[in-house]
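Kindly produce the complete structure, drawing on both the sequences and the hints.
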Amino acid sequence: MDSQTQNTSLQRLQNVEKRIVKVLELAGSVMDELANPTGPRREAINNHVREFMQLIKDIQVALRDEIKSACDYRPFEKCDYSSRIANEICCKKLEYVMSQLDGMKETIDDYHTAV
Amino acid sequence: MDGKLEISLDKLPIKRLEVIEENGLERFPPDVGYEEKRESLIRRIDFAWAVEKDDKNNKQKKRSRETSAAQWEFQSMVDNLQLAHQELSVIIDLINTVEANDAVTVASMTRPRPFPNEALSDLAVSAATKLQCFRHLGKYFKQSANALEQQMAREARFYGALIRLQQNWKVKRQRAVALASGNEGFTIDLFDNSLYDPAGIFRPSPLSTVCVDHDSAGMLAINLPPKSYHSLQFGFLSAYTDDMPIDSSKTKTQSACDADKESVSDDECVKETHSLLREVHQAIFSEQVFDLVNREACNQSLGVTVTGIQENYIQLNIGQETSVFISLVPTSQGEETVDSSSTQNLENAILPLDTLDGLNLPEDKPDTPKKKSVIPNQISCEIYLLQIFHQHVFLKAKDRPTSGGGVSGQPAKEGSGLLGHFCMSLAHRIFSNKVLMELENVVRGVPYMQLTSHPTWHSRTSSWTLFVKIPQSILHACQTRASDSHHRKHVTKSQFHTKVVVTDDCINVEGEGAPNVVGLFKGTSQEICSMNRYDCDLADLSVIILQQVASQVIRWLHEEALMVGIKANWDFLCLSFELEQGETLSLVAHVDPEDTEGCISWWLVMEDGFVEERKLSLDISDGASESRKFLGHLSLEVLYSTMMDLVGLCNGGGN
Numbered sequence: 001m002d003s004q005t006q007n008t009s010l011q012r013l014q015n016v017e018k019r020i021v022k023v024l025e026l027a028g029s030v031m032d033e034l035a036n037p038t039g040p041r042r043e044a045i046n047n048h049v050r051e052f053m054q055l056i057k058d059i060q061v062a063l064r065d066e067i068k069s070a071c072d073y074r075p076f077e078k079c080d081y082s083s084r085i086a087n088e089i090c091c092k093k094l095e096y097v098m099s100q101l102d103g104m105k106e107t108i109d110d111y112h113t114a115v
Numbered sequence: 116m117d118g119k120l121e122i123s124l125d126k127l128p129i130k131r132l133e134v135i136e137e138n139g140l141e142r143f144p145p146d147v148g149y150e151e152k153r154e155s156l157i158r159r160i161d162f163a164w165a166v167e168k169d170d171k172n173n174k175q176k177k178r179s180r181e182t183s184a185a186q187w188e189f190q191s192m193v194d195n196l197q198l199a200h201q202e203l204s205v206i207i208d209l210i211n212t213v214e215a216n217d218a219v220t221v222a223s224m225t226r227p228r229p230f231p232n233e234a235l236s237d238l239a240v241s242a243a244t245k246l247q248c249f250r251h252l253g254k255y256f257k258q259s260a261n262a263l264e265q266q267m268a269r270e271a272r273f274y275g276a277l278i279r280l281q282q283n284w285k286v287k288r289q290r291a292v293a294l295a296s297g298n299e300g301f302t303i304d305l306f307d308n309s310l311y312d313p314a315g316i317f318r319p320s321p322l323s324t325v326c327v328d329h330d331s332a333g334m335l336a337i338n339l340p341p342k343s344y345h346s347l348q349f350g351f352l353s354a355y356t357d358d359m360p361i362d363s364s365k366t367k368t369q370s371a372c373d374a375d376k377e378s379v380s381d382d383e384c385v386k387e388t389h390s391l392l393r394e395v396h397q398a399i400f401s402e403q404v405f406d407l408v409n410r411e412a413c414n415q416s417l418g419v420t421v422t423g424i425q426e427n428y429i430q431l432n433i434g435q436e437t438s439v440f441i442s443l444v445p446t447s448q449g450e451e452t453v454d455s456s457s458t459q460n461l462e463n464a465i466l467p468l469d470t471l472d473g474l475n476l477p478e479d480k481p482d483t484p485k486k487k488s489v490i491p492n493q494i495s496c497e498i499y500l501l502q503i504f505h506q507h508v509f510l511k512a513k514d515r516p517t518s519g520g521g522v523s524g525q526p527a528k529e530g531s532g533l534l535g536h537f538c539m540s541l542a543h544r545i546f547s548n549k550v551l552m553e554l555e556n557v558v559r560g561v562p563y564m565q566l567t568s569h570p571t572w573h574s575r576t577s578s579w580t581l582f583v584k585i586p587q588s589i590l591h592a593c594q595t596r597a598s599d600s601h602h603r604k605h606v607t608k609s610q611f612h613t614k615v616v617v618t619d620d621c622i623n624v625e626g627e628g629a630p631n632v633v634g635l636f637k638g639t640s641q642e643i644c645s646m647n648r649y650d651c652d653l654a655d656l657s658v659i660i661l662q663q664v665a666s667q668v669i670r671w672l673h674e675e676a677l678m679v680g681i682k683a684n685w686d687f688l689c690l691s692f693e694l695e696q697g698e699t700l701s702l703v704a705h706v707d708p709e710d711t712e713g714c715i716s717w718w719l720v721m722e723d724g725f726v727e728e729r730k731l732s733l734d735i736s737d738g739a740s741e742s743r744k745f746l747g748h749l750s751l752e753v754l755y756s757t758m759m760d761l762v763g764l765c766n767g768g769g770n
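Residue numbers (the numbering used here), protein chains in the order written: chain A, 1 to 115; chain B, 116 to 770.
Take these hints with a grain of salt, some might be off.
[Claimed, not checked] Here are the computed lysine to aspartate or glutamate pairs in the EDC-like style, where the Cα-Cα straight-line distance is at most 16 Å: (1) B:Lys682 to B:Asp620; (2) A:Lys92 to B:Glu394; (3) B:Lys257 to A:Asp32; (4) B:Lys682 to B:Glu693.
Keep in mind that the hints were calculated from the coordinates and are not lab data. Because the structure is a prediction, the values reported are computed rather than measured.
Shown next as structure tokens:
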């Protein structure tokens with residue numbers, strides 16, 4: 001999976017977690033509503049419960065999709081560590097070349113100021 | 116006692132269950148015998164009516180006068196009162212027993228029927244309790260939601276960072292570790308197991324597995340003890356280099372990690388961790404390279420002489436006078452050090468690596484005050500060491516592709532010869548620096564010479580070319596003259612070149628226009644020479660180059676003279692014209708690399724008719740002598756015009 005879809009999948013799972021939190025909050029407010037000393041308001045409870053069920057359904061759908069689309073765990077087939085080392089060596093060369101060029105530039109500047 | 120004695124008999128024997136088991140099996144008590152039955156039946160005679168009657172008599176002595184017709188109306192009240200009385204007596208007995216501290220078990224109690232208001236208040240209490248439970252539940256749910264949200268936020272940071280790291284590094288998880296240590300058990304594996312390593316050279320070091328921890332805020336953090344990993348360092352041990360061994364990895368400043376964590380964004384935190392992992396990865400590679408260097412050094416390979424070994428330190432001899440060391444130094448993180456490499460470069464000779472050859476070094480007239488050293492730069496050697504090991508050992512272990520890197524054209528090295536090759540490359544580099552110094556001296560001394568370096572793409576070969584360019588004014592004059600004369604086929608050369616190639620420590624000079632050595636000894640006149648090449652030593656290099664160049668100039672003058680139609684003889688460094696009466700006028704070149712005013716000077720020699728050996732060089736500088744006149748260090752234009760004057764002299768004399 002390239003990084004793009006990987007981020008989206010992570011985002012989807014994070015959304016699932018947010019929904020779970022919302023579900024808990026709804027349960028809490030339903031309980032509060034039921035604990036109302038003047039008796040629960042029916043409409044409010046209905047709304048809450050409807051939203052609860054909808055969210056549970058969404059969670060289930062999302063999780064099922066993610067489980068189906070999760071790829072098999074493969075061991076690290078293409079290890080790029082030696083290319084990484086080659087890269088590091090190239091970085092060192094670059095730094096060295098830059099320092100050389102800076103030295104040359106200083107020499108040129110010295111020459112010009114001397115002239 | 117009056118009244119009849121009533122006996123009640125059960126019509127049916129009642130069999131009481133003793134035990135009923137789980138599977139429904141019923142157990143009855145064992146049958147009793149006939150005698151026991153009779154006894155139990157007798158015991159069962161109910162004398163309760165007598166007790167009742169007594170009670171009734173006691174209570175109703177006052178009410179016994181009431182009408183017996185009304186007795187059945189109050190029967191239920193009477194029954195209730197009797198029951199109440201029984202209960203009261205039981206309770207009084209109970210209280211007495213408890214007061215006497217006896218253990219009491221209540222066999223049974225019949226519950227009185229509750230009144231409506233009692234029932235209602237019971238209901239109200241249970242309803243209130245339920246509401247309370249609901250409120251508690253509601254609070255509990257909301258608290259859980261809050262806690263879950265916070266936990267989610269923390270984990271989102273952690274896993275977001277982990278996923279970003281996973282794009283570059285191998286992240287592994289062990290659940291056993293997770294259970295034991297309390298964090299999630301993630302580790303980052305820095306070991307490259309894709310290398311084909313039959314000899315078991317590459318082993319995972321303890322550095323290869325990095326544990327992923329949490330910092331105080333729950334964010335991903337990697338805790339490594341300071342100075343736990345090393346980096347490779349290369350240096351020269353010589354008296355006249357004042358290089359400070361510097362750590363090439365210190366250019367990065369890691370101050371962000373030490374600053375307060377709250378002000379550092381997640382992005383920077385991930386970048387810091389990534390940099391740290393990069394450093395550890397490089398450190399693992401450095402350790403492997405050092406290990407290989409040690410192995411090769413101890414295997415007595417060609418060109419390597421080990422002069423000292425310590426832990427994490429090895430010292431080698433390169434050539435006769437240079438010593439180098441390779442060591443592993445602990446890398447310190449979080450320290451800012453001044454990058455001293457830039458100041459260092461100004462002190463040493465900036466000699467390009469193979470990849471940087473091809474710089475055209477124009478002739479620089481003003482005296483450079485810097486004292487040049489022949490030792491190549493430390494950092495470049497260090498990088499070269501890492502590169503050749505990486506290319507030939509690691510990539511070879513991976514079945515490297517056929518297209519080589521920047522070091523293509525280099526013959527494939529066995530793993531065992533790499534250190535030898537490296538040392539020989541260094542020796543070559545030092546030697547070619549010396550050669551270059553000589554060449555630069557020569558070029559500085561001759562105004563019409565130029566020096567060019569050539570890339571050879573081989574670390575043990577260097578190549579330069581020296582040019583002598585004929586100035587444009589003379590070229591024009593030549594061309595006008597050539598159109599007049601009959602020598603059409605003569606092509607005027609505008610430059611002569613001499614090529615110097617150094618392989619390991621052998622110098623090879625190749626140039627045109629030089630007579631071969633055989634012709635030199637024969638003393639005969641010129642032979643048409645093509646390219647000649649010969650080897651020489653460092654000490655003789657300057658002289659040979661100067662002689663080569665001077666002979667090229669002489670040859671050119673000779674051809675110019677021929678073009679004009681004058682018969683002239685050319686012999687190595689001497690161009691002679693014949694005057695009348697057998698006198699010869701010679702233009703002789705004298706080379707001296709130590710001469711500060713110029714390396715090539717010219718003499719005019721007049722000789723009598725008898726044959727003499729040609730003088731190659733003149734040591735006497737008395738210009739007042741009739742036979743020799745010192746002309747000085749002439750430029751090519753002046754030389755040319757001098758020659759033309761001589762030609763005119765010959766012409767005038769001949770005519």
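Status of the hints after comparison with the structure:
1. B:Lys682 to B:Asp620: This hinted pair is violated, its Cα atoms lying about 43 Å apart.
2. A:Lys92 to B:Glu394: Judged against 16 Å, a Cα distance of about 13 Å means the pair holds.
3. B:Lys257 to A:Asp32: With Cα atoms ~10 Å apart, Lys257 of chain B and Asp32 of chain A stay inside 16 Å; holds.
4. B:Lys682 to B:Glu693: Holds, at roughly 8 Å.
Consistency note: the structure conflicts with earlier hint 1 alone.
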